[in-house]
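Read left to right, the sequence shown gives residues 1 to 177 (the numbering used here).
Since no wrong hints were added, every one of them can be taken at face value.
When the alpha-carbon atoms are kept at most 27 Å apart in a straight line, the in silico BS3-like pairs for lysine-lysine are as follows: (1) K82 to K42; (2) K172 to K107; (3) K172 to K109; (4) K177 to K44; (5) K115 to K34; (6) K136 to K42.
Each pair of labels, with its calculated beta carbon distance range: (7) N169 to M1: 47 to 55 Å; (8) I4 to I113: 40 to 48 Å; (9) K177 to N29: 34 to 42 Å; (10) M36 to I70: 19 to 27 Å; (11) T3 to Q121: 43 to 51 Å; (12) M112 to T3: 45 to 53 Å; (13) Q47 to R116: 29 to 37 Å.
Just so you know, the hints here were simulated from the structure itself, not pulled from any lab data.
For every residue, glycine included, the Cβ atom is placed at its ideal position computed from N, Cα and C.
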Amino acid sequence: MKTILKILGVIILLIVVYAVIAMIAFGSNYHYEKSMVINAPKEKVWQQVSSMQAFNQWNPWMKLDPNMKITYSGTPGEIGDKYCWDSKNNDAGAGCQELKESVPNQKQKTEMIFKRPFDGQATSEITLSPEGNNTKVTWTMDTEQDAMMKIMRPMMDYQMGKSYEEGLNNLKNLVEK
Numbered sequence: 001m002k003t004i005l006k007i008l009g010v011i012i013l014l015i016v017v018y019a020v021i022a023m024i025a026f027g028s029n030y031h032y033e034k035s036m037v038i039n040a041p042k043e044k045v046w047q048q049v050s051s052m053q054a055f056n057q058w059n060p061w062m063k064l065d066p067n068m069k070i071t072y073s074g075t076p077g078e079i080g081d082k083y084c085w086d087s088k089n090n091d092a093g094a095g096c097q098e099l100k101e102s103v104p105n106q107k108q109k110t111e112m113i114f115k116r117p118f119d120g121q122a123t124s125e126i127t128l129s130p131e132g133n134n135t136k137v138t139w140t141m142d143t144e145q146d147a148m149m150k151i152m153r154p155m156m157d158y159q160m161g162k163s164y165e166e167g168l169n170n171l172k173n174l175v176e177k
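Can you build the whole structure from these sequences, using the hints too?
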């Protein structure tokens, strides 16, 4: 019994130490970035990233709920182009994403407002840069994290990596076919 209590005590101590270190070591600003080279000119890739409707053709989170309610507003590909989603599935939640900046064939920047399962806000940027006859696509996300999210940062990095990898592969398959 004493051995089990000692092991449990060590585990709790390690969790507390990790939490304290995470809150000190990780700043409140969170940045995630993933890149992939696509075998196509940037003009062809741009067609699939320039509007919210085009983005949702390869957006990895759209598959979370096939019955998700999606509403689009604004002029596709122009500042103010926006979509909002609402899902009963908490993995998808509810929120909106709006185009805030667009430089044709180079980059687009959006703002995301999350309403459910948590309130929050983030910015995302997709940048296209030529690599010979190919295009390097760099997809980023920036947000602020509270103390609890800082503790979960390694898990968030893992989940973001999986989602961004899937999304960029979806984009690659769509553009290269």
